[in-house]
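Student: Sequence:
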Amino acid sequence: MAKRRCASCGLEREVYGGKICDNGHFICKACIPRAGLGDLISGYKPKCPLDGTALR
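Quick note: the sequence shown, position 19, residue 18 per numbering that gives the first Met the number 0, numbers continuous.
Please keep in mind that the hints were generated in silico from the structure rather than gathered at the bench.
All residues carry an ideal CB built from backbone N, CA and C; glycine is no exception.
Incorrect hints may have been included.
To be verified - FRET-style restraints, in silico, Cβ to Cβ: (1) S41 with E11: 32 to 42 Å; (2) A1 with S41: 18 to 28 Å; (3) E11 with G42: 29 to 39 Å.
Could you put the whole structure together from the sequences, leaning on the hints where they help?
Tutor: Here is the structure:
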């Protein structure tokens, strides 16, 4: 499986489950904040910890 360096924790992580922000920062699955049920109802979307842009 492909690996990429996470912009948040700095570790070489699997790409599967990770996300990329609008500015190209890769955030691994472990560093993406977990959304709870309340966040899903309110429409919360995780943001990049470095620049605050949406994770896709």
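Student: Now tell me, hint by hint, if it's right for this structure.
Tutor: Now for the hints, and whether the structure bears them out:
1. S41 with E11: 32 to 42 Å: At 34 Å between Cβs, range holds.
2. A1 with S41: 18 to 28 Å: Violated - the Cβ-Cβ distance for A1 and S41, about 33 Å, lies outside 18 to 28 Å.
3. E11 with G42: 29 to 39 Å: The hinted range 29 to 39 Å holds for E11 and G42, with Cβ atoms some 33 Å apart.
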